[in-house]
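There are 2 protein chains.
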Amino acid sequence: MTIEQVVNFLKTNDNFEILTHNYPDGDCLGSGYGLCLALQQLGKNARVITTALPKDFQFLLKGVKEQDFKTECVVSVDVADEQLLGCNQEKYMGKIDLCIDHHKSNRVNSPLKFVDEKAAAASEIIYRILTEMGVTLTQEIANCLYTGISTDTGCFRYTNTTASTLRIAADLLELGCDSEYINKVMFETKSKKRVELEKEIYDSMIFCCDDKCAIIYTTLEMTKGLEDEDTEGISSIPRQIKGVKMGITIREKPDGIYKVSVRTNDGLDACRFCKQFGGGGHAAASGCTLNGDLQSVIDTLIEAAERAL
Amino acid sequence: MTIEQVVNFLKTNDNFEILTHNYPDGDCLGSGYGLCLALQQLGKNARVITTALPKDFQFLLKGVKEQDFKTECVVSVDVADEQLLGCNQEKYMGKIDLCIDHHKSNRVNSPLKFVDEKAAAASEIIYRILTEMGVTLTQEIANCLYTGISTDTGCFRYTNTTASTLRIAADLLELGCDSEYINKVMFETKSKKRVELEKEIYDSMIFCCDDKCAIIYTTLEMTKGLEDEDTEGISSIPRQIKGVKMGITIREKPDGIYKVSVRTNDGLDACRFCKQFGGGGHAAASGCTLNGDLQSVIDTLIEAAERAL
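Going down the list, the protein sequences come from chains S and R.
Letter by letter, the first sequence follows residues 1 to 309 in the numbering used here.
Letter by letter, the second sequence follows residues 1 to 309 in the numbering used here.
Source of the hints: derived by calculation from the structure; they are not laboratory data.
Please note: incorrect hints may appear among the correct ones.
Because identical chains cannot be distinguished in the list, a pair is counted as satisfied if it fits within a single copy or across any two copies.
[As the list claims (entries may be wrong)] Cross-link-like lysine-lysine pairs, in silico, PhoX-like; alpha carbons within 20 Å at most:
no.	residue 1	residue 2
1	Lys253	Lys224
2	Lys184	Lys11
3	Lys199	Lys55
4	Lys113	Lys253
5	Lys118	Lys212
6	Lys95	Lys192
7	Lys95	Lys118
8	Lys62	Lys192
9	Lys91	Lys70
10	Lys242	Lys199
11	Lys242	Lys224
12	Lys224	Lys192
13	Lys275	Lys245
14	Lys65	Lys184
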């Protein structure tokens, strides 16, 4: 599918629901609300479906109209797999008309699909679609897309950042996006609770495979009373240690479920690592879910790391 | 002075010494070696004068020829004040022919001066000069300039980042600069010692002015055996705490000297704050030096913060 065909599909249809993935991040929300604002600007009905809207992302809602309509088209953004729809999975499984994504591992089953794995963020694709569509890129839309691009690139630090990513960000700055506010909230602000959590994480850090692998974890006890924003981005901590090739973050969730994030350096394949546990993602940043108790999850991951390294 | 006049000066002269400031950072070193490589490419003699070259910046030397010549021209880059030349101050005081800088507070006393305070980094100005000069921007030059621009903008997070900054960075990526390596070394790598230091810093954090001001310090004891790179960038830690408007970092140096970095949020003037102690810098990031013992330095700064906030 070409960008032109995506544009044509969006222009000739109406009454859109835009799906985002569970544990929503800046990119799926920025893509979703950016696209929603654009469709509403064209006089169409649209709404974003999300499992949650963390406090730090509520500014994305600015300018979005609440509309009452009967859904005709379902578009997913930044969703690599229908299993990632969370509590919306049952309702929307097999009902996605158009899937817009940038994950190499995408396996959404939809009749129309536009996946560009070279795009640093789904929001980068949405920018190209909206430009092609002739939408006026308002400050609100620019804020949405900048949020998506900056969060998915670690504010242009990660290797997915391309010249095109930086030029789109430059355009968004000129369109008046409030990068000062967004960068501050997304990258420059830590609550006092977050600082406490980081101290605990550093204390509990486990090294294995000759210090080539570092593992951190958060338990329900450690994250009790913390907001989502307090624990956001901790998965970048272990990979940052000098000499570490694989950084693993384990987050305890209720009912013995452990959410695992794997970040790698030096071309080590995180996606392959996570696939053996039914997960996936990008080559340098992937995730999976394990069940059991903390120690057995740690042991399983150490064993797998020893095989991979 | 216009860019064209700077270019004309560089083209019609030869045998350059390029001065950087003490406690050299990515921007003065990136500007310096970038300009040096360009002048050597034009068949001229040039060398960079620096008080130190931290290990993490040694890759900037790639392609730089060591040349033996009698100095005819002295150019300073990223030097806001001749007092910041460190141990080179005596030798070069009053001898700078051309000053290239981006600090608003610049007060270098030189016959020729090109100061653009809108540039996020001196390296951004050097990029414009080299482009205007018709120099071939090699991968080595691109690495130097990308290092300067990315380090002075906190990898495009700080408010000094403009659309122009991002577009120059995009050009540098296309010229083949190794942003993956540079970002990893500058922003994504922490030694185990650094992690230990951060824990100590968090433990020693002082809040004042209704938590609007946070102060951290490092003593000689705390930084014993650490490399410069282990303590780099700690001054961004206190300002990151939610609600903090002024983050102050105190670094003990030998002989009862304390180097103070002040970072501010919400338009609070860090430069004005530091000027009362004989320092200066940018509106949101400035520095000064105090003498005495740690407790008296802390008390002095708390008093000043209470007046400012």
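How the hints compare with the structure:
For the homomeric pair Lys253 and Lys224, the shortest alpha-carbon distance inside one copy (11 Å) is at most 20 Å, but the shortest distance between copies (40 Å) is not. Taking identical chains as interchangeable, the C-alpha atoms of Lys184 and Lys11 are never at most 20 Å apart, the minima being 35 Å within one chain and 42 Å between chains. In this assembly of identical chains, Lys199 and Lys55 lie within 20 Å of each other by CA distance neither inside one copy nor across copies; the values are 24 Å within and 28 Å between. In this assembly of identical chains, the alpha carbons of Lys113 and Lys253 never lie at most 20 Å apart, being 32 Å within a copy and 59 Å across copies at closest.
Proximity of Lys118 and Lys212 under a CA criterion of 20 Å is satisfied in neither setting, with 28 Å inside one chain copy and 42 Å between copies. Taking CA atoms no more than 20 Å apart as the test, Lys95 paired with Lys192 passes in neither setting, with 43 Å inside one copy and 49 Å between copies. In the homo-oligomer, the alpha carbons of Lys95 and Lys118 never lie at most 20 Å apart, since the shortest distance is 26 Å inside one protomer and 51 Å across protomers. Taking CA atoms no more than 20 Å apart as the test, Lys62 paired with Lys192 passes in neither setting, with 28 Å inside one copy and 43 Å between copies.
For the identical chains of this complex, Lys91 and Lys70 are intra-copy neighbours only, at 15 Å inside a copy versus 78 Å across copies, given an alpha-carbon limit of 20 Å. For the homomeric pair Lys242 and Lys199, the shortest alpha-carbon distances inside one copy (18 Å) and between copies (17 Å) are both at most 20 Å. For a Cα distance limit of 20 Å, the shortest separation of Lys242 from Lys224 across copies, 19 Å, qualifies, whereas the shortest one inside one copy, 30 Å, does not. In this assembly of identical chains, Lys224 and Lys192 lie within 20 Å of each other by CA distance solely inside one copy; the values are 14 Å within and 28 Å between copies.
Proximity of Lys275 to Lys245 under the C-alpha cut-off of 20 Å is restricted to the intra-copy arrangement: shortest distance 18 Å within a copy versus 44 Å between copies. In this assembly of identical chains, Lys65 and Lys184 lie within 20 Å of each other by CA distance neither inside one copy nor across copies; the values are 27 Å within and 41 Å between.
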